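Respectively, the protein sequence lines represent chains C and E.
If you read the first sequence in our numbering, its first letter stands for residue 1, the second for the next number, and so on.
If you read the second sequence in our numbering, its first letter stands for residue 317, the second for the next number, and so on.
Treat the hints as calculated values from the structure; they're not laboratory data.
The model shown is predicted, which means the values in this text are computed figures rather than measured ones.
Careful: at least some of the hints might be erroneous.
Computed cross-link-like contacts, DSSO-like style, restricted to lysine-lysine with a CA-CA straight-line distance of at most 30 Å [said to hold, decoys possible]:
| id | chain 1 | residue 1 | chain 2 | residue 2 |
| --- | --- | --- | --- | --- |
| 1 | C | 216 | C | 241 |
| 2 | C | 9 | C | 227 |
| 3 | C | 9 | C | 74 |
| 4 | E | 513 | C | 9 |
| 5 | C | 134 | C | 74 |
| 6 | C | 241 | C | 274 |
| 7 | E | 594 | E | 513 |
| 8 | C | 9 | E | 594 |
| 9 | C | 274 | C | 227 |
| 10 | C | 74 | E | 594 |
| 11 | C | 74 | E | 513 |
For the chain C half of the interface with chain E, some residues (derived, Cβ under 8 Å), not all of them [stated by the list, open to error]:
| id | residue |
| --- | --- |
| 12 | 57 |
| 13 | 61 |
| 14 | 70 |
| 15 | 73 |
| 16 | 77 |
| 17 | 87 |
| 18 | 89 |
| 19 | 93 |
| 20 | 108 |
| 21 | 109 |
For each residue, glycine too, the CB sits at the ideal point set by N, CA and C.
So the chains spell out like this:
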Amino acid sequence: MTDTIVDIKGLRKVYTGRTPVTAVDGIDLQVAAGQIYGLLGPNGAGKTTTISIATTRAMPTAGSVHIAGVDVVKHAAIARRSIGVVPQYNTLDRSCTVQENIQFHCLYFGMSRAESRTRTAQLLDQFRLTDRAKAYPQALSGGLAQRVQIARAIAHHPKVLFLDEPSAGLDPQSRIAMWEAVGTLRNEGITVVLTTHYMEEADELCDRLAIIDHGKILVEDTPAALKASIGGEKIYDLRMKEAARSETLEARLRATEGVTGVESIEGGLRVLAKAHDGLLASVVTTASEFGLRDVTTAEPSLETVFIRLTGRDLRE
Amino acid sequence: MPTAVANPSPIITTGKSLTYVRAFYGLLLRDLYVLRREIMPSIVRIVMNPLLFLFVFTYVMPHMTGGAAMNPTARMAAAGGGFGTVLLPGLMAVAIMFSGIAAVALPLAQEFGITREIDDRVMCPLPIAAVAAEKVVFSAMQGFISAAIVFPLAYFIPTPRVVVHVTSWLFLIVVLTLSSLLAGALGLTIGTSVQPKQIGLIFSVVVIPITFLGCVYYPWAALGKIPWLQYGVLINPIVYISEALRSALTPTTGHMGNLSILAGLTFYLVLLSWLGMKGFRRRVVG
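Isolated chain C, as found in the complex (with noise of 0.2 Å):
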């Protein structure tokens, strides 16, 4: 049995005000030690607001949150010992070079001036900065501030790192390459909780993901059984010219060899099948009967599996 690292019970938190908003209501999560774990859910479904207080920068309302063990509300001090941050925005040092954001993380932890500077090094190395180390922050691109940003969080040896919207404003060329440096997390034996709005980045990055939806969890598991939850290795979109006959088709379509479920979607229907030859076409066959004006063929993602258990878009 792997240990439980991250460990968030009941987690609740409400913001005052003059219109109290839920941002977390009622949340429990174990992340196992060395897993690479996704939260996924559209902005505002509470996940920054999580991991601010995982990591001790937020308060919560009601719950508690043990990394490695300790309670990060009664002795955050500590805890963040074991926590790496990487916020959605750039917090880099702006009166420090690349070298000394690094070595100063590195005094903070409590590391000799030596022990510093041979973490920093090593770190520059890894994270292909030596070339930038005299650089200041305002000089880098968002790709590389974003690897220094790793870099830092990972030089006191956290047990977990946090990424916040990891990917938000980087380019692709950027993305993959941040993507790669968290994948090599996964050998050092740190513990990755990120957030995204991003399937792709879930998709690709995560071991297991939790899908998350106005502060709560709708579902948790790994990706490629998210997927196969759709029940269907492919998806048609038909758009129909007339919505309104569509209950006889649905029959149809749901007594066609091959199809696993039909759905309603707007201006038409969702059919999801084990693809064999042939069922495209008797699919579009039939439908063509009753008025198909459009078909698109897809595979189920992760997209999929937020649309239907929200029936909104992820990008909303």
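Could you slot chain E onto chain C? The hints should help.
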């Protein structure tokens, strides 16, 4: 799936207090390092105000025909060694106060509002209040440096010789320490309670009034003829800094009683530290 690798760093096993001390030291080291890099602009900032003030009021004016008559406190100060003697502790007090604003309030206002750089330092293995306290201590160090830079200026520039008389070095060190910490706590309170876009306004609304009504350019005792003002200014923490330095360095000009001075400094140090740390916590913990 890979299992957790044993943590190779020794820090996780160190005790709580040692962790705190090291983190505090690390933060202080960072601030001093950055200060050393920006030492020239800092010195210019510290020197400019007292230099011009002394030059105009204690060198130019006494050399002008009838210049002394233009100086309202000249007569009053004449007995104790000239306006320069009144100004020496006052200008040191202003320099100490400004160090609190420059070392804490301005950087904090920016870090809270725009860059959020403070977030990384708040993630140190150190209680939040200690992170705020580090800012105050760092500011106090700058306060000492500022006072040390202003002293020779205020001593040598004025034409009528300044009369400095230190009766107790211990008292001087105690009031310098309290004053410098107080200035840092004031900076912390301002820095955590003001939005960055209002920081300019703070100069007009807070910094200038507390300077002009802070017994900087006149001793508190000289306000005797305007009792409402004499008692009104007691809410101003700068009054105690000016009077403390007056008592420690230039007692001949007349000053507030030492006990009142120490009580005032301690009261404001505690009050502003409490307010500042509360504000700091509010700004960093959601």
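These are the hints, each one checked on the structure:
no. : hint             : verdict
1   : C:216 with C:241 : violated (37 Å)
2   : C:9 with C:227   : holds (26 Å)
3   : C:9 with C:74    : holds (15 Å)
4   : E:513 with C:9   : violated (40 Å)
5   : C:134 with C:74  : violated (39 Å)
6   : C:241 with C:274 : holds (26 Å)
7   : E:594 with E:513 : holds (21 Å)
8   : C:9 with E:594   : holds (28 Å)
9   : C:274 with C:227 : holds (13 Å)
10  : C:74 with E:594  : holds (18 Å)
11  : C:74 with E:513  : violated (35 Å)
12  : 57               : holds (6 Å)
13  : 61               : violated (11 Å)
14  : 70               : violated (11 Å)
15  : 73               : violated (10 Å)
16  : 77               : holds (5 Å)
17  : 87               : holds (6 Å)
18  : 89               : holds (5 Å)
19  : 93               : holds (5 Å)
20  : 108              : holds (4 Å)
21  : 109              : holds (6 Å)
Hint check: violations occur at hints 1, 4, 5, 11, 13, 14 and 15; the rest are consistent with the structure.
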